[in-house]
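Trainee: Single-letter residue listing:
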Amino acid sequence: MPTTAFLTDSTLCIGCKACEVACKEWNGVADDGFNWSGFSYDNTGAVGHSTWRHVKFVEASPEPGFGGNAPELNTWAFSSDVCKHCENAGCLEACPTGSIVRTEFGGVYVQPDICNGCGYCVVSCPFGVVQRNPDDGRAFKCTFCYDRQKVGLKPACAQTCPTESIQFGEIEELRAKAAARLSELQGRGMSDATFYDASDSSVKGTHAMFIVRGDPRAYNLPPRPEVPTEYMKKAWKSSAIGAGMLLAGSLLAFLFENRSNGQ
Amino acid sequence: MSKAFEFPEPDRERRLHEIRREAEQKGSVKSPGARPQGAPFPIASAETGYYGIPLLKQPPWTWEIPLYFFVGGAAGAAAVVGAIADVTGADRKLVRHARWIAAAGSVISPALLVSDLGRPARFLNMLRVFKPQSPMSVGVWTLVGFSSGAAATVFADFMQQRYGPSLPLRIVENAGQAASLAFGLPFSNYTGVLIGATTIPTWNQNVGELPMHFGMSGLSAAVGLLELMGHRKSRALQMLGLGAAMFEVWEGWRIESRPQQALDPLKHGLSGSLIRTGGMLSGPLPVALRLLSLVSNSRELRKWAATSAIAGSLLTRIAWIYAGHVSARDWRLPLEIKG
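If you read the protein sequences in the order shown, they are chains Z and D.
Per our numbering, residue 1 is the first one in the first sequence, and the count goes up by one each step.
Per our numbering, residue 1 is the first one in the second sequence, and the count goes up by one each step.
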């Protein structure tokens, strides 16, 4: 089986949200409310249990004349966000039921028939993706269209993307494509074009890679996402010391009492 | 449903309605317009993140979880204290009471844990795998071992009290006690590992101390409960209570003396007040009361020290969970933005 990935190129995204719609249609995801944010054309805000693809509307200060921009208009970048399908996934490690598994395509998949809604994956995801659905009780996130991949189809979002901003394919091929695209963009003067896949962090790279312009933080992409298993050694050491203190303290206290009673 | 933003204010809507009416009636609008909600608008940049929308999700847990942390901590520590008291030949009544606390915890804890689940009927799915890399999985298995041990001990003890000594029951009693001791040690403090090894900054920045902190908090509560059950003469309990409270003083000082941004929820706002109140009730107050009771030999003061320690232990767990919510909402931390 090929190891697959997404490459989401924000320089090609036009913010049409077709990926969000296709995802909801294919996966039968409920609506995420019809609320207005009041400050941006992004009225969804973030990925969550009912939003598996989410188009970010990054409104930046004017950059006159760039890419055909009129000087008086803001530049506008769009980027379709999704579960990162980490190589070293916090949710997968944390799941106590074994509901979250790695698929043969390298994606991270929550088996809905096993999840019991403990919610531990929610606090273990460094990208804030997976979320418990309060109505249903279980945790949900992007499935990487596991069902479609099984029969050789592209994920619904990549299939529907009209500008090929969302590309889907074999991970190494996509990495090469990303490198080529990056040098092309930089050659055209977009020196702030950046590739993001968190491969220099404990996440060890993602199966959803991004090309963005400027600092990834403006896209809510964390500079150093940390898989919580990194804290495990320190935590259990503290637990062992705590247990030792409890045991030794109790022994000392009762032995001391016995001896002083005996005298 | 994610509620990242505020809904339109009624004032602004009313103003917009007035403007529309003015336009309809007069054909033009001369009065000032409505100030858009949230203006000046947030922007997306390296300094402000993505409109200040939090990256991390808040813990989905309900009220059962802090209560479970409290009950589990007290029960685990009580089992250890009871087992050691038994082995060292201390007062039988104290041993029995400690076992009862452990057994009560062994029933209440799973009930709380199950009712917090999104799908309580699927609790048993927790037991289809054992994952050492998941503190939740390790914790559930510890709970199972602890609960079985603590319940078996009390059952065997009770049967012998009622129907006279019997060798098989003695074996069950001792085996149960050994199990509740072995599992009680991690059970008393694993909840610190559980929240420490997460992506929530204020939790994972304290990962090296949270388990010890929660363990000592559990011991404070267990000692307090035993004292309230009448064991206010026991010098061993006084020493344990004093030691645990002194650890809590140190823990409070440690939190207050570190200036990290990620620790702000522990010092400011409602969560900070809760942490500090819980800390005062677990640390300095019981230390002072216990020292006074040592000097004056007052059992009344020990009662108050015990009550304070129990309240402090419960409040501490509530405060830590709440601080985690505040920390998750702070969009700056995961983006490493100072502010």
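Worth flagging that the hints you see were computed from the coordinates, not collected in a lab.
In this text the structure is predicted, and so the values were computed from the model without any measurement.
Glycine included, C-beta positions come from ideal geometry on N, C-alpha and C.
Treat the hints loosely; a few may be bogus.
[What the hints assert, rightly or not] Once the Cα atoms are required to be at most 20 Å apart in a straight line, the calculated DMTMM-like pairs of lysine to aspartate or glutamate come out as: (1) D:Lys338 / Z:Glu257; (2) Z:Lys233 / D:Glu300; (3) D:Lys338 / Z:Asp215; (4) D:Lys233 / D:Glu22; (5) D:Lys233 / Z:Glu59; (6) Z:Lys17 / Z:Glu59; (7) Z:Lys234 / D:Glu209; (8) Z:Lys204 / Z:Glu230; (9) D:Lys131 / Z:Asp113; (10) D:Lys131 / Z:Glu59; (11) Z:Lys24 / Z:Glu226; (12) Z:Lys237 / D:Glu300; (13) Z:Lys17 / Z:Glu164; (14) Z:Lys154 / Z:Glu173; (15) D:Lys93 / Z:Glu257; (16) D:Lys233 / D:Glu336; (17) D:Lys131 / Z:Glu170.
[Said to hold, decoys possible] Output of the computed footprint for chain Z on chain D, the stretches with three or more beta carbons under 8 Å from beta carbons of chain Z: (18) 110 to 120; (19) 227 to 239; (20) 260 to 267; (21) 287 to 300.
[Claimed, not checked] Computed, partial: chain D to chain Z, Cβ under 8 Å: (22) His17; (23) Pro59; (24) Met159; (25) Gln161; (26) Gly164; (27) Ser166; (28) Leu167; (29) Ala197; (30) Leu210; (31) Met246; (32) Val249; (33) Ser273; (34) Gly339.
Trainee: Just to be careful: measuring from the Cβ of Met246 of chain D to every Cβ in chain Z, is the smallest value less than 8 Å?
Mentor: Hint violated; Met246 of chain D Cβ to chain Z Cβ min 11 Å, cut 8 Å.
Trainee: Within a Cα-Cα threshold of 20 Å, do Lys233 of chain D and Glu22 of chain D meet the stated pairing?
Mentor: It is violated: about 81 Å lies between the C-alpha atoms, which goes past 20 Å.
Trainee: Using 8 Å as the Cβ threshold, decide whether Ser273 of chain D counts as touching chain Z.
Mentor: The hint is violated - Ser273 of chain D has no Cβ within 8 Å of chain Z, the shortest such distance being about 23 Å.
Trainee: Run the distance test for Lys233 of chain D versus Glu336 of chain D: straight-line Cα separation, threshold 20 Å.
Mentor: Roughly 53 Å between the alpha carbons, so the hint for Lys233 of chain D and Glu336 of chain D is violated.
Trainee: Hint check: Lys154 of chain Z vs Glu173 of chain Z, CA-CA at most 20 Å. Holds or violated?
Mentor: holds (15 Å)
Trainee: For the pair supplied as a hint, Lys131 of chain D and Asp113 of chain Z, confirm whether the alpha-carbon distance does not exceed 20 Å.
Mentor: Satisfied, since the Cα-Cα distance of roughly 19 Å is no more than 20 Å.
Trainee: Going straight from one Cα to the other, do Lys131 of chain D and Glu170 of chain Z come out at no more than 20 Å?
Mentor: violated (30 Å)
Trainee: May I ask you to test the interface hint for Pro59 of chain D with respect to chain Z, counting a Cβ-Cβ separation under 8 Å as satisfied?
Mentor: holds (5 Å)
Trainee: Check whether the Cα positions of Lys234 of chain Z and Glu209 of chain D lie no farther apart than 20 Å.
Mentor: holds (9 Å)
Trainee: When you check the alpha-carbon spacing of Lys233 of chain Z and Glu300 of chain D, does it fall within 20 Å?
Mentor: violated (43 Å)
Trainee: Hinted pair, alpha-carbon criterion (20 Å max): Lys24 of chain Z, Glu226 of chain Z. Please report holds or violated.
Mentor: Violated, at roughly 29 Å.
Trainee: If you count the residues of the region 227 to 239 of chain D with a beta-carbon closer than 8 Å to a beta-carbon of chain Z, do you get 3 or more?
Mentor: holds (count 5)
Taken one by one, the earlier hints fail for this structure at numbers 1, 2, 4, 5, 10, 11, 12, 16, 17, 20, 21, 22, 24, 25, 26, 27, 28, 31, 32, 33 and 34, listed in ascending order.
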